[in-house]
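Visitor: Just so you know, the sequences run in chain order A and B. When we follow the numbering used here, the leftmost residue of the first sequence carries the number 1, and every step to the right adds one. When we follow the numbering used here, the leftmost residue of the second sequence carries the number 1, and every step to the right adds one.
Source of the hints: derived by calculation from the structure; they are not laboratory data. All of these numbers come straight from a predicted model, not from anything done at the bench. Positions of the beta carbon are idealized from the N, C-alpha and C atoms, including for glycine. Hints may be right or wrong, so weigh each one.
[To be verified] Non-contacting residues of chain A with respect to chain B, defined by C-beta distances greater than 12 Å in every case (computed):
{"hint": "1", "residue": "T150"}
{"hint": "2", "residue": "N229"}
{"hint": "3", "residue": "S382"}
{"hint": "4", "residue": "G497"}
{"hint": "5", "residue": "S508"}
[As the list claims (entries may be wrong)] In the SDA-like style, the derived pairs of lysine to any residue whose C-alpha atoms are separated by at most 25 Å in a straight line are:
{"hint": "6", "chain 1": "B", "residue 1": "K91", "chain 2": "A", "residue 2": "L384"}
{"hint": "7", "chain 1": "B", "residue 1": "K7", "chain 2": "A", "residue 2": "R341"}
{"hint": "8", "chain 1": "B", "residue 1": "K7", "chain 2": "A", "residue 2": "L381"}
{"hint": "9", "chain 1": "B", "residue 1": "K91", "chain 2": "A", "residue 2": "I377"}
{"hint": "10", "chain 1": "B", "residue 1": "K134", "chain 2": "A", "residue 2": "L384"}
{"hint": "11", "chain 1": "B", "residue 1": "K7", "chain 2": "A", "residue 2": "G493"}
{"hint": "12", "chain 1": "B", "residue 1": "K134", "chain 2": "A", "residue 2": "I428"}
{"hint": "13", "chain 1": "B", "residue 1": "K8", "chain 2": "A", "residue 2": "R341"}
{"hint": "14", "chain 1": "B", "residue 1": "K134", "chain 2": "A", "residue 2": "F346"}
{"hint": "15", "chain 1": "A", "residue 1": "K282", "chain 2": "A", "residue 2": "I44"}
{"hint": "16", "chain 1": "B", "residue 1": "K7", "chain 2": "A", "residue 2": "V338"}
{"hint": "17", "chain 1": "B", "residue 1": "K8", "chain 2": "A", "residue 2": "T70"}
{"hint": "18", "chain 1": "A", "residue 1": "K319", "chain 2": "A", "residue 2": "I276"}
{"hint": "19", "chain 1": "B", "residue 1": "K91", "chain 2": "A", "residue 2": "G54"}
{"hint": "20", "chain 1": "B", "residue 1": "K134", "chain 2": "A", "residue 2": "T70"}
{"hint": "21", "chain 1": "B", "residue 1": "K7", "chain 2": "A", "residue 2": "V332"}
{"hint": "22", "chain 1": "A", "residue 1": "K412", "chain 2": "A", "residue 2": "T359"}
{"hint": "23", "chain 1": "B", "residue 1": "K134", "chain 2": "B", "residue 2": "E244"}
{"hint": "24", "chain 1": "B", "residue 1": "K134", "chain 2": "A", "residue 2": "W440"}
{"hint": "25", "chain 1": "B", "residue 1": "K309", "chain 2": "B", "residue 2": "E244"}
{"hint": "26", "chain 1": "A", "residue 1": "K253", "chain 2": "A", "residue 2": "L29"}
{"hint": "27", "chain 1": "A", "residue 1": "K38", "chain 2": "A", "residue 2": "V11"}
{"hint": "28", "chain 1": "B", "residue 1": "K311", "chain 2": "B", "residue 2": "N29"}
{"hint": "29", "chain 1": "B", "residue 1": "K91", "chain 2": "A", "residue 2": "W431"}
{"hint": "30", "chain 1": "B", "residue 1": "K91", "chain 2": "A", "residue 2": "D443"}
{"hint": "31", "chain 1": "B", "residue 1": "K91", "chain 2": "A", "residue 2": "I44"}
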Amino acid sequence: MQSNFRFYFLVVLILSLGIGLTLYKHFALGFPLLPDDKKSVWTIEARIDFMARGDPVVVSFALPPQTPNTIFLEEDFASPDYGFAELQSANGRRAQWSKRTATGQQTAFYRLSLYETDSISPDMPVPATDLPPDLIKPEFDELHRTAAITLLDQVRSRSANAEIFTRELITTLNTSMPSQNQSLLLSERASEDYKTQLIINLLALEGISSRIVRGLFLEDGRRRQSLTNFVEVYIDDEWLLFNQNNGKTGKPKDFLIWQRGDLSLLDVVGGRNSQISFSIIKNIQPTRNLVLRDNLHKQAGIVDFSIYSLPIEQQTAFKMILLLPIGALIVVVMRLLVGIRTSGTFMPILIALALIQTTLLAGIVIFLFVVGTGLLIRSYLSRLNLLFVARISAVIIVVIAIMASISIISNKLGLDQAMTVTFFPMIILSWTIERMSVLWEEDGPREVLIQGGGSLLTAIIAYLFMTNRTVEYLTFNFPELMLVNLAIILVLGQYTGYRLSELYRFHSLEKQDVSDQR
Amino acid sequence: MFLTSAKKLRELGIIGMNQRNFGLISRYNPRHLYPLVDNKLKTKLLAQKAGITVPRLLGTVSYQHDVRTLGNILKPHAQFVIKPVKGSGGKGILVITEHHQNQYFKPSGEALRLIDIERHVSNILSGLHSLGGKPDTVMIESLIQLDPVFSDYSYEGIPDLRVIVFRGYPIMAMLRLTTHASDGKANLHQGAVGVGIDMGTGAALHAVQFGNPVSHHPDTRKTFAELSVPHWDRLLQLAAACYEMTGLGYLGADLVLDRDQGPMIIELNARPGLSIQVANYAGLAPRVAQIEALATINPEPHERANFSKQKFSVSAKI
Chain A
1 MQSNFRFYFL
11 VVLILSLGIG
21 LTLYKHFALG
31 FPLLPDDKKS
41 VWTIEARIDF
51 MARGDPVVVS
61 FALPPQTPNT
71 IFLEEDFASP
81 DYGFAELQSA
91 NGRRAQWSKR
101 TATGQQTAFY
111 RLSLYETDSI
121 SPDMPVPATD
131 LPPDLIKPEF
141 DELHRTAAIT
151 LLDQVRSRSA
161 NAEIFTRELI
171 TTLNTSMPSQ
181 NQSLLLSERA
191 SEDYKTQLII
201 NLLALEGISS
211 RIVRGLFLED
221 GRRRQSLTNF
231 VEVYIDDEWL
241 LFNQNNGKTG
251 KPKDFLIWQR
261 GDLSLLDVVG
271 GRNSQISFSI
281 IKNIQPTRNL
291 VLRDNLHKQA
301 GIVDFSIYSL
311 PIEQQTAFKM
321 ILLLPIGALI
331 VVVMRLLVGI
341 RTSGTFMPIL
351 IALALIQTTL
361 LAGIVIFLFV
371 VGTGLLIRSY
381 LSRLNLLFVA
391 RISAVIIVVI
401 AIMASISIIS
411 NKLGLDQAMT
421 VTFFPMIILS
431 WTIERMSVLW
441 EEDGPREVLI
451 QGGGSLLTAI
461 IAYLFMTNRT
471 VEYLTFNFPE
481 LMLVNLAIIL
491 VLGQYTGYRL
501 SELYRFHSLE
511 KQDVSDQR
Chain B
1 MFLTSAKKLR
11 ELGIIGMNQR
21 NFGLISRYNP
31 RHLYPLVDNK
41 LKTKLLAQKA
51 GITVPRLLGT
61 VSYQHDVRTL
71 GNILKPHAQF
81 VIKPVKGSGG
91 KGILVITEHH
101 QNQYFKPSGE
111 ALRLIDIERH
121 VSNILSGLHS
131 LGGKPDTVMI
141 ESLIQLDPVF
151 SDYSYEGIPD
161 LRVIVFRGYP
171 IMAMLRLTTH
181 ASDGKANLHQ
191 GAVGVGIDMG
201 TGAALHAVQF
211 GNPVSHHPDT
221 RKTFAELSVP
231 HWDRLLQLAA
241 ACYEMTGLGY
251 LGADLVLDRD
261 QGPMIIELNA
271 RPGLSIQVAN
281 YAGLAPRVAQ
291 IEALATINPE
301 PHERANFSKQ
311 KFSVSAKI
């Protein structure tokens, strides 16, 4: 009992280690569990144009803040002959290009590629680490002030709390049939920035802190885009984002927040007519590649000390090696649970590995052909009275000769498929032939058919599993799942129940049991 | 109905392959003792030391260049059996019943020349029949003479008695009768008839061929109802004594009855198969459990045999 307990403790330990590491990689590092998991990667290019006057030039440009659920893959800053610095301040990052003298048309580029992770809910409000500054009473002239107060009174009467109040205010300002007051406040100069400022001022009048947020709607193939204004309102210790055109709360999907607060987006010293425009391109990439790149970059321990850190060539080799445990599991299941007899315990795995290289049908045909021909020649060898080692060596040479002939003949015939015969392990084929041949002599062709068929069936099932995209993906990207496999095999190793084949083997007992009663 | 249910088998107490490997072989048979039974020469010496009758050893051939001496070894003997020392499951056994000049006759009447026998011996030496293809030794034994009791129940061969001995207690027995289908070999999967034997009396209980019940010997057409194994007590005691001889907790003893010398042991097996359950229409599990429940193992083989006779007899229960 004690040793039994220790055994299951070990199994559970291995199992939870394997599953734990897998879940950690999935949830914490963002590795997807399925190979088809893809993400949109947005590439945003900001183009800054201005005319330089021949004086020293300093261009300062606000850069988007990093949030937990957007991952920046790459940032490029390009501008010929300009000195460049990235500045970090309390108000966010800024890029700064500078030059002693410049004249004429100047251009600077900022390129960013990013993707959004879904590890953290995108709707989660920004935690209010940055507290709002003290409210400054906005200045309105008498006329506007009266209009504003009347409007606020109206809105207040329709709302219960600050959040509803803000939403009501924005919808009222955006209504298609504005009242006199609204028209007066918005006037004809209703540009985006003006509207934002008006909302912020009105909220301030009401005693609610708010700030401007500039962001970019991400849409594939857009050019000459500009930033869109949103209003972020400080309610109940957190910042809530409002769309200033319809009053909806929360960050819209595919919206990148570029800048918070009332700082300039772009400052150009020594130039004029500065302009900024954004173009956006989307492309789809497998999530796994993105995550891997990000984690290698960050040097996450579990990734840094993993197969990914090997050269690509070794990685490919490991892709194959890591599939072997799957084959082993299939063999264990087939032999211990189903009770299929195979010739050579793990020969089916090696056949399966060869099948992966040759494709299924071609592989089976080649295998049967080589083994069949080998058996014919081997039956002649057995008449020569050879010693055992000499005989198996002779079989190896025969197998190589058969393989060479298949390759050459199929090449002449233009059958590329048959050329893959070289992927079959020669020594294993020779052993198979030798075993089958002995089996034939001792137990007859029926046993050869049973064991040969059993081996081939096991190999085909192993092949089907090992070529499954998901299995391939999981074994390579989550090698720790091998531990889970190990745990399963350990448990199967303790299975003492009946094999499926034994239900057939002992089936006559059932009949007799009845006749016994008579 | 091709499949039975696992529940049914469990009720019958049938032991499956996994259970045998895990619960019996790996638990009761220490690996280092295997050579004692896998090597038939060692088994023979052990048995002789223990005073158990075995077929007489006529000679051995260990090296390929000794194959030439085979003619001299065989010359004085009219009848003999050639066996691989490390063979299993009756593989590579050649029986010669008649010998004239350069003509050697198999039980079926087929004639062989000395060169054919030499090739057979050479094949054995290269490991054709041994476990894992390891180089082997050939042993030549005296032929067992068919006891007249069995003359109506065997075809071109000697029937043998397989007794499963668990911790020294014989727990189940089966008589294996040679048939035309089995080519004179007492090998169940080649078509020999397996006859379940009542532990109490040595009388036949049931018979199966290829897993199906039969009531008559397929070649001699004799009904098994009248079949009973003579010298039953002596046979059980011999089987029980194999425990002290080898130390194996779970073994299969193959015994034969010789017309002149009586009961003898021909082979021991550390991994006996499970077909014996089919022949007996009974599972090993309840009997194994009964022995496992014993506090101590009786050191006297004949007392253990008596214990088994009483406990596992089918007729006693009725």
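Visitor: All the hints need checking, so say for each whether the structure fits it.
Guide: Verification of the supplied hints:
1. Remark: the non-interface label on T150 of chain A is consistent with the geometry, its nearest Cβ contact in chain B lying 85 Å away (cut-off 12 Å).
2. Listed as a non-interface residue, N229 of chain A keeps its Cβ farther than 12 Å from every Cβ of chain B; the least gap is roughly 71 Å.
3. Non-interface call for S382 of chain A relative to chain B: violated, since the shortest CB-CB distance, roughly 8 Å, does not exceed 12 Å.
4. For G497 of chain A, the non-interface assignment is contradicted: its Cβ lies about 7 Å from the closest Cβ of chain B, within the 12 Å cut-off.
5. Not every CB of chain B is more than 12 Å from the CB of S508 of chain A (nearest about 5 Å), against its label as outside the interface.
6. Restraint check: the Cα-Cα separation between K91 of chain B and L384 of chain A comes to about 20 Å, which is no more than 25 Å; the hinted pair holds.
7. Simply put, K7 of chain B and R341 of chain A have alpha-carbon atoms about 24 Å apart, close enough for the 25 Å limit, and the pair holds.
8. Between K7 of chain B and L381 of chain A the alpha-carbon distance is near 49 Å, which puts this suggested pair outside the 25 Å criterion.
9. Of the pairs offered as hints, the one joining K91 of chain B and I377 of chain A holds, with about 23 Å between alpha carbons and a cut-off of 25 Å not exceeded.
10. The suggested pairing of K134 of chain B with L384 of chain A holds, with an alpha-carbon distance near 19 Å, which does not exceed 25 Å.
11. Distance hint between K7 of chain B and G493 of chain A is fulfilled; the C-alpha atoms sit about 21 Å from each other, no more than 25 Å.
12. Distance check on the hinted pair: K134 of chain B and I428 of chain A sit about 18 Å apart at the alpha-carbon level, within 25 Å; holds.
13. Under the criterion of a C-alpha separation no larger than 25 Å, the hint pairing K8 of chain B with R341 of chain A is consistent with the structure, at around 24 Å.
14. Proximity of K134 of chain B to F346 of chain A is assessed by CA-CA distance (about 20 Å); at most 25 Å being required, the pair is judged to hold.
15. About 9 Å separates the Cα atoms of K282 of chain A and I44 of chain A, which keeps this hinted pair within 25 Å; it holds.
16. Proposed proximity of K7 of chain B and V338 of chain A is supported: the alpha carbons are some 16 Å apart, at most 25 Å.
17. Our distance criterion of 25 Å between C-alpha atoms is broken by K8 of chain B and T70 of chain A, whose separation comes to about 61 Å.
18. Taking the CA atoms of K319 of chain A and I276 of chain A, the gap is near 47 Å; set against the 25 Å cutoff, the hint is violated.
19. Simply put, K91 of chain B and G54 of chain A have alpha-carbon atoms about 102 Å apart, too far for the 25 Å limit, and the pair is violated.
20. Annotation: proposed proximity of K134 of chain B to T70 of chain A is violated, straight-line Cα distance about 65 Å (limit 25 Å).
21. A C-alpha spacing of about 23 Å is found between K7 of chain B and V332 of chain A, which places the hinted pair at or below 25 Å, so the restraint holds.
22. At roughly 21 Å between alpha-carbon atoms, K412 of chain A and T359 of chain A fall within 25 Å of each other, so this suggested pair holds.
23. Note on K134 of chain B and E244 of chain B: the hinted pairing is violated, with a Cα-Cα distance of about 28 Å set against a maximum of 25 Å.
24. For the proposed pair K134 of chain B and W440 of chain A, the alpha carbon gap of about 19 Å is at most 25 Å, so the pair holds.
25. This hinted pair checks out: K309 of chain B and E244 of chain B have alpha carbons roughly 19 Å apart, not beyond 25 Å.
26. At roughly 22 Å between alpha-carbon atoms, K253 of chain A and L29 of chain A fall within 25 Å of each other, so this suggested pair holds.
27. With a C-alpha separation of about 34 Å, the suggested pair K38 of chain A and V11 of chain A falls outside the 25 Å cut-off, and the hint is violated.
28. Straight-line distance between C-alpha atoms of K311 of chain B and N29 of chain B comes to about 24 Å, which keeps the hinted pair within the 25 Å bound.
29. Distance hint between K91 of chain B and W431 of chain A is fulfilled; the C-alpha atoms sit about 20 Å from each other, no more than 25 Å.
30. For the hint pairing K91 of chain B with D443 of chain A, the CA-to-CA distance comes to about 9 Å; that is within 25 Å, so the pair holds.
31. Using a Cα cut-off of 25 Å, the hinted pair K91 of chain B and I44 of chain A is violated, with the two alpha carbons roughly 77 Å apart.
Against the hints set out earlier in the document, violations occur for numbers 3, 4, 5, 8, 17, 18, 19, 20, 23, 27 and 31.
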